[in-house]
Structure formats: structure tokens, C-alpha cells
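Protein chains: 2
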Amino acid sequence: MSGVICSEHITSMIGRPRESRLRRISKKVCSSESWRRRLPITIWLPKYNIDYLIRDIIAGVTVGLTSIPQGIAYAIIAGVPPQVGLYSSIFPGVVYMLFGSCKDVTVGPTAILAALLAKYVAYSVDFAYLAAFLSGCCILLLGVLQLGFLLDFISKPVISGFTTAAALQIAATQLKGLFRISGSSGHTFVSALINFFSNITTVQLWDTVLGIATIISLLVLKRLVLPVSATSSHCRVVTARIWQYFVRARNALVVFACTILAYILHLYGRTPFALTGKIHGGLPHFGPPPFSTRVANETIGFEGMLSVFGAEGFVMPLVAILESIAIAKAFAGSTSVDGSQEMLAIGFCNMLSSFCQCMPSTGSFTRTALNHASGVVTPAGSLFKASLVLLSVTLLTDAFYFIPRSTLAAIIMVAMSSLIDLKIIKQLWRNCKLQLMVYTSTVVVGVSAGLEYGIVAGAVLDVIRAMYIVARPNVTTHTFKVGNRDCVCIAIVGPLSYASAEHVSRMLRRHARTNVIVLDARHLTTVDIGVAENVISVILELESNHTFLLWNFPDKIRALLEDLHTGFGSRFVTGPSIDQHILGLDIERRDHVY
Amino acid sequence: MSGVICSEHITSMIGRPRESRLRRISKKVCSSESWRRRLPITIWLPKYNIDYLIRDIIAGVTVGLTSIPQGIAYAIIAGVPPQVGLYSSIFPGVVYMLFGSCKDVTVGPTAILAALLAKYVAYSVDFAYLAAFLSGCCILLLGVLQLGFLLDFISKPVISGFTTAAALQIAATQLKGLFRISGSSGHTFVSALINFFSNITTVQLWDTVLGIATIISLLVLKRLVLPVSATSSHCRVVTARIWQYFVRARNALVVFACTILAYILHLYGRTPFALTGKIHGGLPHFGPPPFSTRVANETIGFEGMLSVFGAEGFVMPLVAILESIAIAKAFAGSTSVDGSQEMLAIGFCNMLSSFCQCMPSTGSFTRTALNHASGVVTPAGSLFKASLVLLSVTLLTDAFYFIPRSTLAAIIMVAMSSLIDLKIIKQLWRNCKLQLMVYTSTVVVGVSAGLEYGIVAGAVLDVIRAMYIVARPNVTTHTFKVGNRDCVCIAIVGPLSYASAEHVSRMLRRHARTNVIVLDARHLTTVDIGVAENVISVILELESNHTFLLWNFPDKIRALLEDLHTGFGSRFVTGPSIDQHILGLDIERRDHVY
Numbered sequence: 001m002s003g004v005i006c007s008e009h010i011t012s013m014i015g016r017p018r019e020s021r022l023r024r025i026s027k028k029v030c031s032s033e034s035w036r037r038r039l040p041i042t043i044w045l046p047k048y049n050i051d052y053l054i055r056d057i058i059a060g061v062t063v064g065l066t067s068i069p070q071g072i073a074y075a076i077i078a079g080v081p082p083q084v085g086l087y088s089s090i091f092p093g094v095v096y097m098l099f100g101s102c103k104d105v106t107v108g109p110t111a112i113l114a115a116l117l118a119k120y121v122a123y124s125v126d127f128a129y130l131a132a133f134l135s136g137c138c139i140l141l142l143g144v145l146q147l148g149f150l151l152d153f154i155s156k157p158v159i160s161g162f163t164t165a166a167a168l169q170i171a172a173t174q175l176k177g178l179f180r181i182s183g184s185s186g187h188t189f190v191s192a193l194i195n196f197f198s199n200i201t202t203v204q205l206w207d208t209v210l211g212i213a214t215i216i217s218l219l220v221l222k223r224l225v226l227p228v229s230a231t232s233s234h235c236r237v238v239t240a241r242i243w244q245y246f247v248r249a250r251n252a253l254v255v256f257a258c259t260i261l262a263y264i265l266h267l268y269g270r271t272p273f274a275l276t277g278k279i280h281g282g283l284p285h286f287g288p289p290p291f292s293t294r295v296a297n298e299t300i301g302f303e304g305m306l307s308v309f310g311a312e313g314f315v316m317p318l319v320a321i322l323e324s325i326a327i328a329k330a331f332a333g334s335t336s337v338d339g340s341q342e343m344l345a346i347g348f349c350n351m352l353s354s355f356c357q358c359m360p361s362t363g364s365f366t367r368t369a370l371n372h373a374s375g376v377v378t379p380a381g382s383l384f385k386a387s388l389v390l391l392s393v394t395l396l397t398d399a400f401y402f403i404p405r406s407t408l409a410a411i412i413m414v415a416m417s418s419l420i421d422l423k424i425i426k427q428l429w430r431n432c433k434l435q436l437m438v439y440t441s442t443v444v445v446g447v448s449a450g451l452e453y454g455i456v457a458g459a460v461l462d463v464i465r466a467m468y469i470v471a472r473p474n475v476t477t478h479t480f481k482v483g484n485r486d487c488v489c490i491a492i493v494g495p496l497s498y499a500s501a502e503h504v505s506r507m508l509r510r511h512a513r514t515n516v517i518v519l520d521a522r523h524l525t526t527v528d529i530g531v532a533e534n535v536i537s538v539i540l541e542l543e544s545n546h547t548f549l550l551w552n553f554p555d556k557i558r559a560l561l562e563d564l565h566t567g568f569g570s571r572f573v574t575g576p577s578i579d580q581h582i583l584g585l586d587i588e589r590r591d592h593v594y
Numbered sequence: 001m002s003g004v005i006c007s008e009h010i011t012s013m014i015g016r017p018r019e020s021r022l023r024r025i026s027k028k029v030c031s032s033e034s035w036r037r038r039l040p041i042t043i044w045l046p047k048y049n050i051d052y053l054i055r056d057i058i059a060g061v062t063v064g065l066t067s068i069p070q071g072i073a074y075a076i077i078a079g080v081p082p083q084v085g086l087y088s089s090i091f092p093g094v095v096y097m098l099f100g101s102c103k104d105v106t107v108g109p110t111a112i113l114a115a116l117l118a119k120y121v122a123y124s125v126d127f128a129y130l131a132a133f134l135s136g137c138c139i140l141l142l143g144v145l146q147l148g149f150l151l152d153f154i155s156k157p158v159i160s161g162f163t164t165a166a167a168l169q170i171a172a173t174q175l176k177g178l179f180r181i182s183g184s185s186g187h188t189f190v191s192a193l194i195n196f197f198s199n200i201t202t203v204q205l206w207d208t209v210l211g212i213a214t215i216i217s218l219l220v221l222k223r224l225v226l227p228v229s230a231t232s233s234h235c236r237v238v239t240a241r242i243w244q245y246f247v248r249a250r251n252a253l254v255v256f257a258c259t260i261l262a263y264i265l266h267l268y269g270r271t272p273f274a275l276t277g278k279i280h281g282g283l284p285h286f287g288p289p290p291f292s293t294r295v296a297n298e299t300i301g302f303e304g305m306l307s308v309f310g311a312e313g314f315v316m317p318l319v320a321i322l323e324s325i326a327i328a329k330a331f332a333g334s335t336s337v338d339g340s341q342e343m344l345a346i347g348f349c350n351m352l353s354s355f356c357q358c359m360p361s362t363g364s365f366t367r368t369a370l371n372h373a374s375g376v377v378t379p380a381g382s383l384f385k386a387s388l389v390l391l392s393v394t395l396l397t398d399a400f401y402f403i404p405r406s407t408l409a410a411i412i413m414v415a416m417s418s419l420i421d422l423k424i425i426k427q428l429w430r431n432c433k434l435q436l437m438v439y440t441s442t443v444v445v446g447v448s449a450g451l452e453y454g455i456v457a458g459a460v461l462d463v464i465r466a467m468y469i470v471a472r473p474n475v476t477t478h479t480f481k482v483g484n485r486d487c488v489c490i491a492i493v494g495p496l497s498y499a500s501a502e503h504v505s506r507m508l509r510r511h512a513r514t515n516v517i518v519l520d521a522r523h524l525t526t527v528d529i530g531v532a533e534n535v536i537s538v539i540l541e542l543e544s545n546h547t548f549l550l551w552n553f554p555d556k557i558r559a560l561l562e563d564l565h566t567g568f569g570s571r572f573v574t575g576p577s578i579d580q581h582i583l584g585l586d587i588e589r590r591d592h593v594y
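Top line first, the protein sequences correspond to chains A and B. Its first residue numbered 1, the first sequence is counted upward by one per residue in full-length UniProt numbering. Its first residue numbered 1, the second sequence is counted upward by one per residue in full-length UniProt numbering.
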């Protein structure tokens, strides 16, 4: 292998000419291209044509049919009135059409956000609208300040563990609806299970039968695919395609069938199932989100509401971005996702739609996958989805009265089962047990103490794990002889962060047997002040019996050491070979003695 | 430079034969040597002799003379009765004599711990005893579980910033005592200053004069050294030595002088100064620490007391260990400090002394320095210090009545001025601005919101800073040609933690121009699962136009990649040269085409 190896920090690898930073930023801000990227509709709308329109309508209607039952179901999880879930499937979608950069992403209420919201809505429904507004503001702020890199600190095992915990918790809270047992549904997995088992004697036969029948039919429908081969007849191909749409709209169809059943039974004067009940349809009340509310006949001001959200409240915007960006990446294919733009889009979605009685919303995995599979071409698909849901919330609310609750619970439980990722446990077990511990902690804390605490516990443990790895930097040692001197060359690689301070001084002490200790710093990038002080004190301590040579130190680190201890300069040596410097020591000493 | 470079993880560098882990631990637990290390008195007591005794008595008495005024002063900072400060200078010291491994460390109440304690004592003095007990338990637990490495995550700038904020806050709260102004002293630096300036019209002349006179005399006494040369007469040498003891006991002497002054004025019927007042001397009440207390006529149980401490309560044991270990290290000289043993010692000190009405205590920097300077030989010095303080608390409490409060305030302010470290600001400014930001945040949050929040904010920012550095791993690139192929070799160094996932995939995409991309993993230590997934997806995405060669991957990382994506095996190559593998590609392709 020939050629010159050039070690360089990554930012200089872009090869961008060195302009003044201010100029670069101002150029970026002023160019029309960058403004168009911030409003992606200006890019795709001019190219829109009739073919796109048809395909977007088909996808929009398919997704809309799923959005209606899911919207109602997630509203029930959060504890808000069902129409709020529907509104949240309408308005954020329209906003996303303007700002969203990823055609597949479908914005709306999600089960996880609804589960996080539930404990605040227990006080008052006003918290749902304020949560949407504040989450929107937080996300926008992160997007504008380009703080997206903070999300990199939430690792895959933590996200996966959080999703699993959320899925378990949401499924557990649906047990109440599925079996129509009494008691509260509980706000954590554990409390939901306790509630379930302590009220298990109140199980209602017909709700249970309907719920379980719904689960089975959804699972069967999902797996039934009409096989089509190249030799199939045209008729069969058409049938297969129709069947495919049928399968994709299975949630809506199942709800439709169960609602019809409940309605017919109602006509015969029977209501064996718990029903969704009256929904206040029509358009929402447009206006700013509530900055004060009434809880138990007391008025709580904005500060009081903020203190109810507390620090845990930040988990909602965090999860909203994480969900949305993860989904955008999953469906972006070979194009890279503009994280900042996604944050702006989701931020605006939440902030603006909080003026239309919406709960927090973000990209939904199931509906995005459906959108993608239905062949959506542009974000305009969201508009058609929104129109369908809007139609339903204005015209069909009387029909929604008859949707059995156990059917909705069943739909949620089936959706949750697809979120649980067991493969990663096997992969982590085989490859990295420490990361498995992080995953397990996230799940365990999430299901027992609450989802917010789960994600925080996971992130903290993960940072400790990563810092522990960094605290034990990679070191290559190399012992050799020059003349009759035993020498050791210690090459330290990577950054020396403060967490490695103790470790580095222990390591240097361990080589106290050899005569000359060479520190090779070619691959040293940064050194924290605490580490530098420890290194200096070990060198000063061992120097009575040993000779230290500091070889090839980068200028910045050399300046730091000389600043901390003046008179350190004589120990620094540079050059490709260390042997001559070690031989030089003998000459110096001889000069000194004679 | 000759010889074979052996890259190895650091744990394998100790050269210890590979025993089973269980056997190693059991060996360690059972050996009498390791038990003796846990009870260091068994090591030094058998060697004790009369010479040691004399030197320990001299040091003990010198330190004791400082411990008396400091004990009273720190009790006033915490808001506990003055005798509690004295008890805390007695009992923890005796316990440390048994368990402590560092002869110089002097355990007792410290200004920072007292400042942290003050807000809890504002409810009830019982919180002081319970805080000592619980801090002791926490520290013991950390010591027994060998979790000392967690302290490495508190970096030098954070500790320094915290100390500075604490010194500023404590000095500010003493303004009230120094000038005898009315109003409360405030619990943060900012509130103390606001209090001071809003009550500045209530300044009392004589307290102010006495306080400022005390400050000046302390500063002058500290700097006055009698010069002794080799030719000095015997008489002069003796005078100089006596003067030295005089200087070391300056705190006690100044208090003595001011107390005499106050007493004489009292005899003449005048009390121009605020005095310490009645101290309930004698022995403390021995018994378990209080697990319930009364606040405002309501009984608070153990759980209630715990919730008053809250999560911020953990800062007390944390600071206690940090102070103590930092001090032990500063005076250990060339011997290394056994962190676990220090934790056990400080843990026992606090836990046991909470049975004798003591507040939390730890190693005190000023008294440890004095102990060292006074020539202490063994931890027995603590016993003599404790005896002197015990004598004073039983016999001298009537005299303590007359100690002017402004004198005590002056002593504290002078002690605090030595804690503020301004040098580090200059060093950080020159060498690392990001660490300066961490330092500044710690100070600013500490003085405005409270010391506990300062240390937490600093630690969190520092972790983010360190993780950000890790998220941009060091990369060396090397472009070369083999035949007519443009090749690039990307060598990644160090661990690839999850925070670098996005960065690594961006970096790989940037090299999409070249024909062959070689990933050199010789210096790669660990790869997190998220990064591995990103690397795989980028490789799969770019592979249609490029050839990827994964060169010299460690077995573990190779297994991880193959586990995540089966059929990845063919891309891995090993060997000292990459050229032959690239030439091999041409042959393969030729075979494929013809």
C-alpha cells in the first residue's frame, strides 16, 4: 500500500474552501434554494400531474380508512374525547403537506404519544391541546437551533426498549376494554396488569368474544395473500389487487362489520357490547390553545400547568421527533433524511394544529407503511386522507356511536404486537451484553415506573456505558532495547476524556519497571485538563528513576502541558524515529558526568 | 523503531495469570492481608512508639485549636446548634482513626457540606443527624459495591467550579454576620447578596470594625514568617519555630483575643458585638438518629423526611467523597490512594457518628493541610484533636458564650477565599474553551439556583461535551490507485459508540466518488449495534456502484456485522497488504464476464 496517509479531523475532509463563517451562513440563509428546501411543497407542487393525483387519492383513501378507527382508539388511550383523535388525523397532516420532506410519512396521533399524554389528561383535557402546542414549540426550537445531533444520544437499544415497553403498556391498558372489566385501566404496564387480575371476575362474555374474534380476523386477514404468478389470468390479477386493498383497509372493514353488528343488535333492543358512545362531531373550536384550566373547581394558570408537565413533559416532544425521524429514515430509501427539516415540519404540525383542538401528533409507523405500500407519490396524499377523515367526523358521528369498544381495543392490541422487536434481544445477547443490559433496563423501568422514566434510565445507562468504554482508551505498548536501556513505547489512541484520568495514571505507573518511557501521541486527538494534570503529576513523580520522552505531541496538547507545568518543554521530541533521541540521552548524561 | 507492536486491551496488560474470576475474588476476600487493609489501624498501631506519640500530640493539639472555632462556625452555617459542630469534630475523627488509610486527612464538618445541609436544617435540626446517617450509608454502599469509578465522571472543571460557587455562596452568607445586618442570610449566593444590599442600612459599626480587623489580622498573620538562615542563632531558630506554631493556631488565637475583648467589655456592662450565646455543652445524647421529626407541629415520618431530601440529597454524600478523596490524593504524595478504603472510612465516620448528634462530615482541606504541616505521623493525631475538642465542649462552653459572631464570620470568609481557584480559568481559556463553558455553567448555576444544581448541570454538560468528541471519531483516509481503479482506504480509530452512528454513515457517503472503498478496522475496538446497522445499510446502498472491502476486522465486530446481515462474509479480507485483494477483484470480474 503506497501513498501518504493524511490524518485529519473530519470537518476538514469536505474540501470546502475556507470562507468566513459569517459569509457562509449568510449565503445559506439568503439563497432561494435553501428557502425552497424549507418549504418542500414549492419543489413538488409545480411538477404535479394527473397520474400523481390518482395515485395519491388511492393512497390517501386507504390510509384514511385506517386513520378513522386508529384516531378514535388513540383518543381513548389518551383519555380525550374521540373527535380529538380524529381532528389530530386531519390538521397535522395538512400542515405536514406544506413542510414535510418525506412523501410517505403520515402524521397523526400515535399510540405511544397517547400513552404518554394520558396521565396529564387525567387532570383536564386542556392539557392535551397545550401539550401539542408546547411540544410543537420545543421541536421547532430544536430544529431552528440545529440541535438535532442531541438525538444521536438515544441509541438503538434504548429506542427499541422504549418501543417495546410502550407496546406492552398500551396492550395491557387495552385489556380493560377487551374484556370490559371494571376498575381503571392503569397508567403503567404493571398497574394495568394488577388492575386486570384484581377485577378479572367482572369479565363480560360478549365483549370478550367480539374482541378475540376481532384479533383473530385481523391476524388472519393480514396473512391471507392471493398468490399471483406471471401466468395468472388478467381476472385473477385484478382480483388479487382488489384483495390487496381489502387487506390494507382491514382495520376499517373490521370496525365497519362490528359496528353494523352492534347496530343490528341495537335495533332488536340489545346492547351486549360497551359502545364508543356519543361523539360531538362537526368542526373543532378554532382558537389558541388553553393557557389555564380548571381542575377540581380550581383554576390553574399557565405556570401551574407547566409544573404539572414537569421535566418529564420533555419526553413527549423527544419521542415525537424520534418516532418521526426513525420512520422517515426507514422509508427514505437511498436518499438521506434532512433531520432539521423534519423537526421543523413536525414542530409546525403540532404548534399550528393545537389551535384546532388537536392532541400531540407525529409520524405513525403503521399508517406510514400503509401509505408507502399504497403507492403514494407526494405528500399530497395527506390531504386526501385528511379530507376523508374530515368527512367522517362531520357526517358519520352517529355511526361512530355504535363502534364496540372491545373492537377498538383489539385493533390497538394487534397494532402493538407489531411494535415489539424480539430479534434485537438475540442480536444483543450474541454481540454485546452491556447493550442488552441497557435495553432490559429501559424495558423494565418503562413498564414498572412509567415510559418517561424508562427512556431516561436507558439513556443515562447508555451514556455511562459509552463513557466507561471511552474511559479505557485503546493503548498499544511496545518494549524494545536501545543500547542497554530497556524502553517502552506507549501509544495512546483517540481522545483522552476526563473519565480516563485515573485510568491513564494507573497505566503509566504500571510501566515503572522500564528505564525509558516514551509516550507516542501521534493518534491522540484531544486531552482534557484533568487527564493532563494526572499525566504531569505521574511523570514528575516517576522521573527520579525514569526518563520520559513525549514523542510527536500535537501542538495543542503540548501547549496545554507546558501551560500546566512550566519547564516541561525539554521532554518533547518529534521526528519519525525515537531511537536517536534515546541515544541522545546517553550523550547528554555523559556530558553531564564528565 | 523495531519490535512487534502488540495491540491489547488494557486489562490484559497486567500480566496476571488467568484464574477463574470466582477463585480470584474468594482469594481476595479470604486473605488476612486484605482484611488488614480494610482496618488500617492494625497495620500502623503495632509499630507505634513514643516518638510518634509526641509528634501526633503536637499535630493533634494544633489542629484541635483550629477545629474549635471552625466547628462552631460551620454549625452556624448549617443552622444547627454550635455544639453539634464540635461533636462532629470529635466522633468522626475517632472513627477515621480506625478505618482511614491516609495519615493526614482530618475528618470533620466542612463549610461546603454545612452549606448544602442548611436548607434541610431550616425545617428541623433532626435532618442534620439523619443526613449524616444516610450519607454514611450511601458512601458505604458505593465503597462496598466498588462503584468508585463513577466519581471519575466528575471532571476537574466541574469540581473546581463547584468549589468556587460554594466558596462564593458561603462567603456571601457570612456578610450578615460580619456586618450584623438584619434579614435572613439567604440560601444561595444571589439571595444572600440581595438580602445584604436590601438591608445594608442596618449595618452595625462595632461588629463591622471587629470583623474587618479580624480579617486583616488573619491575612497578616498568615504572611508573617520569621526568616531563618543556616547561620541563625539557636535562639532565633527556636523563636521561629514557636512563631510557626503561633501562625498555625492563628484562628484559635484570634478567636481567643476577640472573646477576651468581648468578656472585658461585658464586665464593664457593654455588649457592642453580637455574641455566639449559650452553648449546651457536655456529652451529646447517644442514640440512633431520628427517623421522624416534628415540623410546624406536624410529625413527619421517615418517608416524609426522605422526600424532603429528594434526589438533590444525593449531592451531600457525593460531595463528601469527592472532597475526601481529592484531599487524600493531594497529600498522599507518591503512594496511591485506595479509593474504596477511603469510601468505607468516610461512610463509617458518618454512619456511626450520626448516633452521637453529629452533622455530615468529611475530610477538611484547611485542617488536613495544617495536620500535614504540623508533622502528623499516624491517624492517631485525630484522637488527640478529638480529645482537645471534647475537653473544650465539656469545660469551656461558658467561655464560648462570648465569641463574637463577626469574628467567626471573618474566619469563614478568609477560609473561603483560599478555596477560589482563578488560575484554572486562565488555563481553560488558553487550552479548552468548551471546558471553560462547563466550568462557567457550574459556577453560574451553582450561585444562582443552588450548589446541588450547579454540580449536576456541570456534570451533564461535561458528559455531552465528552460524548460529542466521541461522536466524531478520528479517521485517517488514504487515496491510492491499483491498476486503473481509484481506491480509498478509510481507517477508523477507537470505539464507535452509538453517538457516532449518523456521523459514520455521512462520512462513508462522502467517499462515494471512488471506485473501491476499503474500511481498515485494525484500530477499531468496539462497535455499537446502531453504528453497525448504519454501516451495513450504507454499504448495501452504495454497493451497486462501488466495491467495499472490509479489511482486518476484529473477529467480534465481524461476527456482529454477519449476525445483523447474513451473507456479509464475502466482503471481509485480512492480511498485511490490501493491493492483492483489489487486484483479485479484477480477476473475479473477468472470470464473471467471460
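The reader is advised that the hints may include incorrect statements.
[Claimed, not checked] Derived lysine-lysine pairs resembling DSSO-like cross-links, with alpha carbons at most 30 Å apart:
#1 A/Lys47 with A/Lys426
#2 A/Lys556 with B/Lys433
#3 B/Lys481 with B/Lys329
#4 B/Lys556 with A/Lys433
#5 B/Lys329 with A/Lys556
#6 B/Lys222 with B/Lys103
#7 A/Lys329 with A/Lys27
#8 B/Lys27 with A/Lys433
#9 A/Lys556 with B/Lys423
#10 B/Lys426 with A/Lys27
#11 A/Lys103 with A/Lys426
#12 A/Lys423 with B/Lys556
#13 B/Lys556 with A/Lys556
#14 B/Lys119 with B/Lys27
#15 A/Lys423 with A/Lys329
#16 A/Lys222 with A/Lys423
#17 A/Lys222 with A/Lys433
#18 A/Lys329 with A/Lys481
#19 A/Lys119 with A/Lys27
#20 A/Lys426 with B/Lys556
#21 A/Lys103 with A/Lys556
#22 A/Lys329 with B/Lys556
#23 B/Lys423 with B/Lys27
[Claimed, not checked] So the derived list for chain B, only partly shown, Cβ under 7 Å to chain A, looks like this:
#24 Phe291
#25 Thr293
#26 Met437
#27 Val493
#28 Ser497
#29 Ile529
#30 Leu560
#31 Glu562
These are calculated hints, taken from the structure and not from any lab test. In this text the structure is predicted, and so the values were computed from the model without any measurement. We put the CB at the ideal spot given by N, CA and C, even for glycine.
Query raised in the report: Does the interface hint hold: is valine 493 of chain B within less than 7 Å of chain A, judged Cβ to Cβ?
Result: Holds: closest Cβ of chain A sits about 5 Å from valine 493 of chain B, inside 7 Å.
Query raised in the report: Within 30 Å, alpha carbon to alpha carbon, are lysine 27 of chain B and lysine 433 of chain A?
Result: holds, 27 Å
Query raised in the report: Are the Cα atoms of lysine 329 of chain A and lysine 556 of chain B separated by 30 Å or less?
Result: OK: lysine 329 of chain A and lysine 556 of chain B at ~27 Å, within 30 Å.
Query raised in the report: Does phenylalanine 291 of chain B pass the interface hint, meaning its C-beta sits closer than 7 Å to a C-beta of chain A?
Result: Given a least distance of 25 Å, the restraint on phenylalanine 291 of chain B is violated.
Query raised in the report: When the nearest CB of chain A is found for leucine 560 of chain B, is that gap smaller than 7 Å?
Result: holds, 4 Å
Query - Hinted pair lysine 481 of chain B and lysine 329 of chain B, Cα distance within 30 Å - result: violated, 55 Å
Report task. Compare the distance between the alpha carbons of lysine 119 of chain A and lysine 27 of chain A with 30 Å, and conclude whether the hinted pair is satisfied. Result -> Roughly 46 Å between the alpha carbons, so the hint for lysine 119 of chain A and lysine 27 of chain A is violated.
Query raised in the report: Are the Cα positions of lysine 103 of chain A and lysine 426 of chain A separated by 30 Å at most?
Result: Violated - the C-alpha atoms of lysine 426 of chain A and lysine 103 of chain A are around 33 Å apart, more than 30 Å.
Report task. Decide if the proposed pair is consistent with the structure: lysine 423 of chain B and lysine 27 of chain B, CA atoms, cutoff 30 Å inclusive. Result -> violated, 47 Å
Query raised in the report: Taking 30 Å as the top limit, are the C-alpha atoms of lysine 426 of chain B and lysine 27 of chain A close enough?
Result: The hint is violated at about 36 Å.
Query raised in the report: Has the given pair, lysine 556 of chain A with lysine 423 of chain B, been kept, meaning a C-alpha gap of at most 30 Å?
Result: holds, 19 Å
Query raised in the report: Under the criterion that the straight-line Cα-Cα distance not exceed 30 Å, is the pair lysine 556 of chain B, lysine 556 of chain A satisfied?
Result: violated, 35 Å
Checked against the numbered hints above, the structure violates hints 1, 3, 10, 11, 13, 14, 17, 18, 19, 21, 23, 24, 25, 26 and 31; every other hint is satisfied.
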